[in-house]
Amino acid sequence: MSNMPNPPATMLSISGVHTYYGNIEALKGIDVEVNHGEIVTLIGANGAGKTTLLMTVCGTPQAARGHITFEGKDITRMPTHEIVTKGIAQSPEGRRIFPGMTVFENIQMGAMSCDPEYFDQDYARVTELFPILKERQNQRAGTLSGGEQQMLAIGRAMMSRPRLLLLDEPSLGLAPLIVKQIFEVIAEINQTDHVTVMLVEQNAYHALKLAHRGYVLVNGKIAMSGPGNELLERPEIRAAYLEGGR
Amino acid sequence: MEYFIQQLINGVTLGSIYGLIAIGYTMVYGIIGMINFAHGDVFMIGAFISLIMFLVLGLIGITWIPFAILLVLIVTMILTSVYGWTVERLAYRPLRKSFRLAPLISAIGMSIFLQNYVQLLQGARVKPIQPIVEGGITLIQSDTFVVTISYLQIIIVLATFLLMSIFAYIISSTSLGRSQRACEQDQLMASLLGINVDRTISLTFVMGAALAAVASVLFVLYYGVIDFYIGFHAGIKAFTAAVLGGIGSLPGAMLGGLLIGLIETFWSAYFSIEYKDVAAFSILVLVLIFRPTGLLGKPEIEKV
Ligand SMILES: Nc1ncnc2c1ncn2[C@@H]1O[C@H](COP(=O)(O)OP(=O)(O)OP(=O)(O)O)[C@@H](O)[C@H]1O
Ligand SMILES: [Mg+2]
Numbered sequence: 023m024s025n026m027p028n029p030p031a032t033m034l035s036i037s038g039v040h041t042y043y044g045n046i047e048a049l050k051g052i053d054v055e056v057n058h059g060e061i062v063t064l065i066g067a068n069g070a071g072k073t074t075l076l077m078t079v080c081g082t083p084q085a086a087r088g089h090i091t092f093e094g095k096d097i098t099r100m101p102t103h104e105i106v107t108k109g110i111a112q113s114p115e116g117r118r119i120f121p122g123m124t125v126f127e128n129i130q131m132g133a134m135s136c137d138p139e140y141f142d143q144d145y146a147r148v149t150e151l152f153p154i155l156k157e158r159q160n161q162r163a164g165t166l167s168g169g170e171q172q173m174l175a176i177g178r179a180m181m182s183r184p185r186l187l188l189l190d191e192p193s194l195g196l197a198p199l200i201v202k203q204i205f206e207v208i209a210e211i212n213q214t215d216h217v218t219v220m221l222v223e224q225n226a227y228h229a230l231k232l233a234h235r236g237y238v239l240v241n242g243k244i245a246m247s248g249p250g251n252e253l254l255e256r257p258e259i260r261a262a263y264l265e266g267g268r
Numbered sequence: 011m012e013y014f015i016q017q018l019i020n021g022v023t024l025g026s027i028y029g030l031i032a033i034g035y036t037m038v039y040g041i042i043g044m045i046n047f048a049h050g051d052v053f054m055i056g057a058f059i060s061l062i063m064f065l066v067l068g069l070i071g072i073t074w075i076p077f078a079i080l081l082v083l084i085v086t087m088i089l090t091s092v093y094g095w096t097v098e099r100l101a102y103r104p105l106r107k108s109f110r111l112a113p114l115i116s117a118i119g120m121s122i123f124l125q126n127y128v129q130l131l132q133g134a135r136v137k138p139i140q141p142i143v144e145g146g147i148t149l150i151q152s153d154t155f156v157v158t159i160s161y162l163q164i165i166i167v168l169a170t171f172l173l174m175s176i177f178a179y180i181i182s183s184t185s186l187g188r189s190q191r192a193c194e195q196d197q198l199m200a201s202l203l204g205i206n207v208d209r210t211i212s213l214t215f216v217m218g219a220a221l222a223a224v225a226s227v228l229f230v231l232y233y234g235v236i237d238f239y240i241g242f243h244a245g246i247k248a249f250t251a252a253v254l255g256g257i258g259s260l261p262g263a264m265l266g267g268l269l270i271g272l273i274e275t276f277w278s279a280y281f282s283i284e285y286k287d288v289a290a291f292s293i294l295v296l297v298l299i300f301r302p303t304g305l306l307g308k309p310e311i312e313k314v
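Going line by line, the protein sequences match chains Y and W.
Letter by letter, the first sequence follows residues 23 to 268 in my numbering.
Letter by letter, the second sequence follows residues 11 to 314 in my numbering.
Looking at chain Y on its own, in the form it has when it is part of the complex:
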């Protein structure tokens, strides 16, 4: 490959990826591209492989076949703890905050992989997005409410100054008002902080409204893809994922 002076339009490229858990093939040849500055959403039924795809991008589990490149570098075989230093952060399924640590310590954990010089500035930004985190900074994270824990998980991910943010079902189990707030912050992070977002959601209506593009994952394969509002119009999507309103 020749040297490219500008970053290529494609930020993350997943091509032909297969992932296994033992003998179970969870991803059966996935091709997904995420461009700089986009919000891309991934929707699909339970067990379709959405979480597996995000985790495979982070190298745990690693893809058995296929390639994942980020900003032109092949990261398929890179150890998980190095991938985050390349600029990818994840707020994983189930939030996985450290319950025994304080909110502030969780935030510090997020900044683990980057220069301490940025800490104050980044912390100020995260608490601007989620003021509640500042109020609760000395509280044990395990005692936060579900919505607050989700904000902490996103805030913690932001502390590593990612260029690509992977979000796995940030709206799960939250009240509609909090969901709205979280989605607003995702849009804000994308527009103001220029962070590219890959968003996994059950809440297909909100996700497709927000996203530039979307992919539909069925049984470990990409079944459909296209611009968010276009997917929203498709009758098969309406039937399968938007049944019963929003």
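If you're looking for bench data, these hints aren't it; they were derived computationally from the structure.
Please read these numbers as outputs of a predicted model, since none were measured by experiment.
In this text, a Cβ means the ideal position worked out from N, Cα and C, and glycines have one as well.
All clues stand as given, with none of them false.
Negatives, chain W to chain Y, calculated, CB over 12 Å:
#: 1; residue: Trp-74
#: 2; residue: Arg-103
#: 3; residue: Val-157
Computed, partial: chain W to chain Y, Cβ under 7 Å:
#: 4; residue: Ala-192
#: 5; residue: Gln-195
#: 6; residue: Asp-196
#: 7; residue: Met-199
#: 8; residue: Ser-201
#: 9; residue: Leu-202
#: 10; residue: Leu-203
#: 11; residue: Gly-204
#: 12; residue: Ile-205
#: 13; residue: Asn-206
Ranges of calculated distance between the beta carbons of each label pair, as one might list FRET restraints:
#: 14; chain 1: Y; residue 1: Asn-160; chain 2: W; residue 2: Leu-305; range: 25 to 33 Å
#: 15; chain 1: W; residue 1: Ile-283; chain 2: Y; residue 2: Gly-168; range: 57 to 65 Å
#: 16; chain 1: Y; residue 1: Thr-107; chain 2: W; residue 2: Tyr-179; range: 26 to 34 Å
#: 17; chain 1: W; residue 1: Ala-134; chain 2: Y; residue 2: Tyr-140; range: 56 to 64 Å
#: 18; chain 1: W; residue 1: Ile-75; chain 2: Y; residue 2: Glu-157; range: 52 to 60 Å
#: 19; chain 1: W; residue 1: Val-295; chain 2: Y; residue 2: Val-240; range: 51 to 59 Å
Assemble the complex: chain Y is given as a structure, and chain W with the ligands must be docked to it using the hints.
Leaving out everything else, chain W with the ligands in the frame of chain Y:
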């Protein structure tokens, strides 16, 4: 009363040594949920290294005692840490993704190996050393009994206190300590945040071994005799201390160490020396019946 105070001093001294070793058990358990049965033998290796170092320093004529002790401490900590690191690397890391019992069996094997290795290299006979730090302070003098605290006992208690403070600071307030606690709670998440989990686990073994090394130097100074079997004895006491205090808890390990030291000393002083181990283990059983997680152990990790 004087007799009691004297035993208290002796018990705290012994308990400090147990506490230092117990931390190695508790930290490793905290981070990978495994009892490192070879930890007592790493302590024993430390004792041999320090004994040899003292003899060598004596031979080459370094006789200024504070300097000699400091030098022995540093060298023993470094070499013993290398052993601790190697044990993890060879015996546990390859089994990390295996079933739960595998590393435990490997640990017992490692323990037997280390004992035999030292026995082969150093012989099975008891190794004595001249007293190095002598003298003490008389605290109470009555007609019937003299209460003294030796300089060595002061050194042991102070060194333990100092190390524990440094250690508590590392765990609570440095990024290494935070990484260790993160790995304890959720290794996968820790790695997603850029923490090298394998390295953090290695460092935990190194820290545990370094503390055991300090304990071993103090042990050599205090008792003056060692053999290849001391790791088993001290190890099982320290392990008991860790469980008594609540395995996984650092203050618990220290508290447990002190309690075991005190129970043993008082039992020997007032009842019979033969049954001091029975006394220590009986207390353990009693505590575990009423508080299964140990004195300072966390009841249960909350569900999120
Ligand atoms: N650790 C694991 N071991 C074995 N199988 C797994 C494991 N994790 C996921 N799977 C399987 O892989 C498939 C994909 O799971 P995945 O968690 O990626 O689905 P998902 O799309 O995120 O579902 P959900 O919407 O319920 O979160 C499922 O069939 C699941 O049973
Ligand atoms: Mg999922």
